[in-house]
Structures are given as structure tokens and as C-alpha cells.
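The hints should help you fit chain R onto chain F, whose structure is shown.
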Amino acid sequence: MEEHNSHPADRYFQENLSFHESDPSRKIWNNIANELDRTYKREKLNRSINRFILAAGLTGIFVLLNFALTDYSRTAGNIQNLLPSNSAAGSVVIPSKQEKFTPDFARMTRENNPVRQKTNLPQVQKSGLGAFTREDNVMPLTLHWKENQKNTVPLESGPAENNSLVKLQPGKRGRISIEPFFLKEFAGYNFADNDINGEEIEKRERTMFSATVGVLVNYSLSRHWLLQTGLAYSLSESNIDSSATYAKKGDNGTIEFRLNTVSGYSFLNSPSSATPKIGDSVHTNGTHSHLKYISVPLIVSYRFPMKRFSALIGAGATFNVLSSAVVETDIYDANFSKHEAWIPLNGLKKTNFGVIVKAEFSYQIGKRWNINLLSSFKNTLGPINLNSAISAYPYNFGVGLGMTYQF
Amino acid sequence: MEIKESDISKAELQRLINGCIARDRGSQKELYSLYSGTLFTLCLRYAKSREEAEEILQDGFVRVFLHIHQFKHAGSFEGWMRRIFINCSLQRFRENERRCRVLPLMEEYQMPADMAMSNRIFEKDLIRVIQSLPPAYRMVFNLYVMEGFKHREIAVLLNISVGTSKSNLFDARNILKGYLMRELKIAK
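Read top to bottom, the protein sequences are chains F and R.
The numbering of the first sequence is the working numbering, which starts it at 1 and goes up by one.
The numbering of the second sequence is the working numbering, which starts it at 1 and goes up by one.
Since the hints were made in silico from the structure, they are not lab data.
Treat the hints loosely; a few may be bogus.
Derived lysine-lysine pairs resembling DSS-like cross-links, with alpha carbons at most 27 Å apart [what the hints assert, rightly or not]:
| # | chain 1 | residue 1 | chain 2 | residue 2 |
| --- | --- | --- | --- | --- |
| 1 | R | Lys177 | F | Lys338 |
| 2 | R | Lys29 | F | Lys203 |
| 3 | F | Lys203 | F | Lys349 |
| 4 | R | Lys124 | F | Lys27 |
| 5 | F | Lys248 | R | Lys72 |
| 6 | R | Lys48 | F | Lys27 |
| 7 | R | Lys72 | F | Lys41 |
| 8 | F | Lys338 | R | Lys72 |
The following block holds chain R by itself, in its conformation from the complex:
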């Protein structure tokens, strides 16, 4: 999912990284401006609300700036940053789970009311429908579909069995499919 690194030259990216390693506030701000849009979308998908996504974004960028000297230039810089943000999201998911373990039930799932009334699907609506998924479904869906993790990797990350991961993905897809079908019917 290379989005930005093709837009800026390697030399410029290196300059920004060097500036961030030197704790230069201007470089940090430039890097933030460059990647905050993409990474905020990632955070929105993992969070249950915009507020929570902003908290993840904030935590993630602070971690990026504090550990940027550990970036080894082995892969893409954006990939390295995405991994940090996914880890932040996973950490928050685990914390929420410890605080209040919610067992997702299909019957309890409610589509956001304002979405069902719309006659056109916007990207922000897709994000909102992902956000409205039960947390466990949302995490599995994001990790499997959007990030390309395998079920056994997800099972390790979320401390669940491979079967649970597959089952959560199946349920998440059903919910999302139902939403899409309903939206398309309304549109017709």
C-alpha cells in the first residue's frame, strides 16, 4: 500500500527522517503533514469513534518520533509507520477488552441509523460501518482484509484461536455485506 513514498523523492524523505532523528520540530511537522491523512484513515478503521482514532493517531506519531532512529531502511518507511499504528490500535483494543469484555452477538448489531437513510455510499460511510462493527470483528476484518495478515498471525496478535479469527471474519463480512446490499437497494 505505497501511497506517499512515490510522491516524494527518497532524498527528501531521508532529509525528513534525519531531521526527525535530530528532533527537529519543523521536520516532524512536515512528516506529520505528509502521512497524517493516510494514517488517520487507518486509525479510524480500527477505532470505534473519531475521538478514539485521534488518540491512536496521537500515540502513534509520538511513538514514531521517539523511535524513528530505530528505522533500519530495510523496507518502506510508510510500512514501518503503519506497523507502529497497528500496534497502537491493538494495544488499545487489548486495554478495552480487559476493561470490559464484550461478547459480540449478531442480534445485537445495529446499523447506524443515519447511514441506512443515505442513498449513496461514501468512503467515510464505509469507515463508519467498520467502526460500528463489534471490536473483535473490526480488528479481525482490518487485520485480514486491509492489512493482509493471515489468520494464524491474527490469532497470535489477538490471543484468540485461528477458528475464532475465521469465525469473526465471516460474521464481520456478513454484517458488511448486509449493509452494502441494503444501501444498493436504496440506491436502486
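Extracted from the complex, chain F is given alone in its bound form:
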């Protein structure tokens, strides 16, 4: 076993330096705080990117699976998409249930115009949106069309009652659709300081979580233009650094512990039964402010349809109603005993207006259903608070998912 020899020189240094303290420059703490901020932001961004990639990946997998597993014999799809773009005369075969529809299959049938069966042709029914449904699952069906008559497809042969023109009119979409959605938001505040404490309050508060869930009602004004409105419920949670709050005389003359946040202020209850005196302090830790809003948006959007995909951009306004505002905190007394408290947050406007810009990428997964990848940016037009140390203008950027049901 190795022995730790104690040399006189060693002892001299140990005795003189073990309890010695040296003061680093003041800038070190600022550097550490900045480095931590950068790291936390990087972590948050990485987490968000990972979640976004996961959501996009899952959406992609869902879309691919949906595409691969499409049973063409049940839903033939929009036959007009199979017709050649030059409107030349030709034919197309709707495969039977046993045959998978592929682009090659469509090409082959167009070029070769095969007639699979001359007799016992199956029934064909139109089923909304220009799609056809096969009622039988056995026979492939060949459809012919004449030049420049893409909307008129005669059956090649078959029973007399079916040997007529089958109208391939585009299906009539309803004008109204609904869209439930969820957005994860990256929120922040723009500030205007009203007094000298404002900057300090800004520094010690950071938004930790923000999300919106809601339903949009879409009204198609035309093929491209939409009007969107609905109802959304937003939740925002901010973390406030621990601090000592000192008792001050309030406006009504009472002495109270006022905790300021970027969005408002709360009055902390004294942890002891004694009436607080001016200058008394309480220590708060684990402080979070919770803001909940109900919003009604009104958005004008423009849609770019691309077969099953469509992109949509829009801009509009939101009317926001404050639903709830509370502060959750742990108050420590002089003995460091913890007292948990949920306190109302004062100084917030009951309503405010904001602007919204949004973009959607949508994929049709059924006759009536679309899955949407959403992004939005919201900013309030005025401060959300009154009589506060600072005026706060919240903004947020959200990404999320939604589903659209077309009536």
C-alpha cells in the first residue's frame, strides 16, 4: 500500500492554501451565465428539431404506408389523373382487387389498350370526387375515352344498362371543412421597460413551455382562397429565477410582498403569522407563471393544390381572451421551510388582439381526410399587461400537426 509521505514543504503549502479564497473577476459570472444561456438554447433547439424530425418522419411513414397500401380496387382514385395529358383517345384499365395499381400498370394499359374480358363486366359506381368504386373484386375493367372528352368515358362493353357514358365529373367538394390541430410553440416576449426594475425582471424569466390546441373551421371561397376561423386554447408557462422579495407599501397602504413577473405581479403571502414590516423579505424558488388564453382567429389563406398534396399560406388576426393567470411558487421562511403557493397573477389585460401568419402542408389520406403539417407565427398588437414594471408583447412560433375533415 502506497503511503502518503508528509513532507514539511507539503505541510506548509497545505496549511497556507487549503482555506485560501481568491476572487475571480466579475465578468466570469456573466460569461458563465451567457454560456449557460447559449447551451440551454442549443439544447432546446436540438430537442425541438428532433421532435419536428420525428413528427415529419412519422407523417412521411404514414403517407408512404397510405400510398403503398392503397387498395385501388376499392377506391379507384380519380380516373382523370390516369388519362393522358394530351387528351388523345385511349383506354385505362381499373385493376381488380388482386392486382396492385402502379404507374407501370397504368402506362401499359394505356399503350396496349388490353381488353381483359368481353363479357360479364363488373359494375362500376361513381363515388364522389370523381372516384370509382369496384363492386366486384375479380375482373379488371377497361375504360375508353374519346379525344378531347376526358370527362366522358364509355365502358368498352358489358350489360346494356352499363354500356353508356360514365360521367367523370369532378366530385363536388363541400365548402366547409374542420381542422383540429396542435401546435408546440417557441415563445418569447418583446419588452418596453416602464421603470428601472424592468430589465432585471426580464433577465430572470424564461418561457419554458407553450402550446396551442384548437379547431379551425375552413370555408372555401374559391378553389384557392379559404377563410379560416375557430377556437384555440393556448397555454404558456414561464420559469422565474429564485429571488428575495421585499415587503413594500402597496397602493392601498398595506405592506405586502409583491413579486413582479414580465406579465404582471402577484402578492405573496407572508410565511409567518406576523404582519410583515417594510424591508422584511421572503425567498421564492421554483416559481412558474401559468397563462391560459382562449383565442378566436380569423385568417385568409391561399391554397396551392398539387394532386394529393397542397400547401396553404395565410395571414389574419386573433382575438385573445385571458382564461387564467396564476403564479406557482415555493416560499421559504427564515428557517428555510418551504410553503407551496398558487397565487393569482394581477395586472393583465382581459383581452388583446394579435396578428397571425401561418403555413400548412397538407396530404390527402382519404376521400375526406387530410393530414396537415402546420407552422404559425403570432404576435400581439399591444402589451398584454397594465400598470406593470414592463410592457410585455408576447410572440411565438409554433409547429404542429392537424387533421382536416371535408364535409
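Relative to chain F, chain R alone:
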């Protein structure tokens, strides 16, 4: 080397640790204020200059705050932090060594001129004389004398042989002893 944890109650330290885990900036600042003095002395001993010590201090505290949730309450909190700062110092030593491998020679060692002129030894002078040691000597001296590591542990940490560790310590002691003798003579 328990310095601070006796000064503050366990409950208060726990509150600070919890606050730091929750990334509360106020708690982080309090913890920094509480330990920065002691840990900066540690950094000064391992660094060759005040500037380098401040860089180690900064790196160390950032690591502490980013990994504080990994503290298992198995030993003292200060001990856990000291280990992080020693690792930061070792990492910097290895980086410097890779960049420019300096072979310490006794003949090349020069005592800081202003120190030799002083007639009283201050703690900050002791730190400066440690700082002026060749890097390999400084690391071995700090790890063995100030932190209580054994030679075989130092050999693993610094990737040297046990013999080199012992030899470096011997040389470091001689330099420091020479400095102390000279200072005492001047004082007499």
C-alpha cells in the same frame, strides 16, 4: 477539505441544488458566489496564469450547472465540484501538452523576480510560485500534495509512469523549498 458545507445548512444547500437542477439563474448565482472563491484558488494552483485559471473556473462552473442533476448525494457536494474542476484542469493540461510538449529542466526554472524581492510570504505568492512551476511538476504537486492523490493514481491521470510522477514531485518540492529558503533568508 470541507470549507463551505459546514457554513450553510443542508436544507439551504439542497434548496440551491434543486434550484440549479431547475436551471434557476438565482440559485446558480448563489451557488457560484458561495464556492467561486475556494474553487478559484484551486484553479489558480493548476493554471499557469490568472487568465487561464479564470477560463478553467468558467468551464468548471458551466459543467457543474449542466451536470448537477447527476450529483447523487453520496459524498460532499464540494468534493463532487472539486473533482469536476480538477478534471477541467487536467483536460487543459493535456491539451497544452499536445500543443507544445515542454520538457521541464531544472536549470531553466526561474523564480518570478518580484517574488524574490519581497520580504514576506503571502498566500497569493505561494500560488504564484506554484503557477511558475513547469506544468508537469505543477500538476503532480497539486494532485499529490493538495488533493491527496497517490502516485499510481496520478500516473493514470497524467498518462505517465509512477517513477516519473515521483521524480516530478521531488523536483517540484526542491524548487519550492529553494524558494521558501530564499524568502526566509530575506525575511531574517
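Okay, the hints, checked on the actual structure:
1. R:Lys177 to F:Lys338: Measuring from Cα to Cα gives roughly 53 Å; hence the hint is violated.
2. R:Lys29 to F:Lys203: Satisfied, since the Cα-Cα distance of roughly 13 Å is no more than 27 Å.
3. F:Lys203 to F:Lys349: 23 Å, holds
4. R:Lys124 to F:Lys27: 21 Å, holds
5. F:Lys248 to R:Lys72: 40 Å, violated
6. R:Lys48 to F:Lys27: 20 Å, holds
7. R:Lys72 to F:Lys41: 26 Å, holds
8. F:Lys338 to R:Lys72: With a Cα-Cα distance of about 22 Å, the restraint between Lys338 of chain F and Lys72 of chain R holds, given a limit of 27 Å.
Of the numbered hints stated above, those contradicted by the structure are hints 1 and 5, listed in ascending order.
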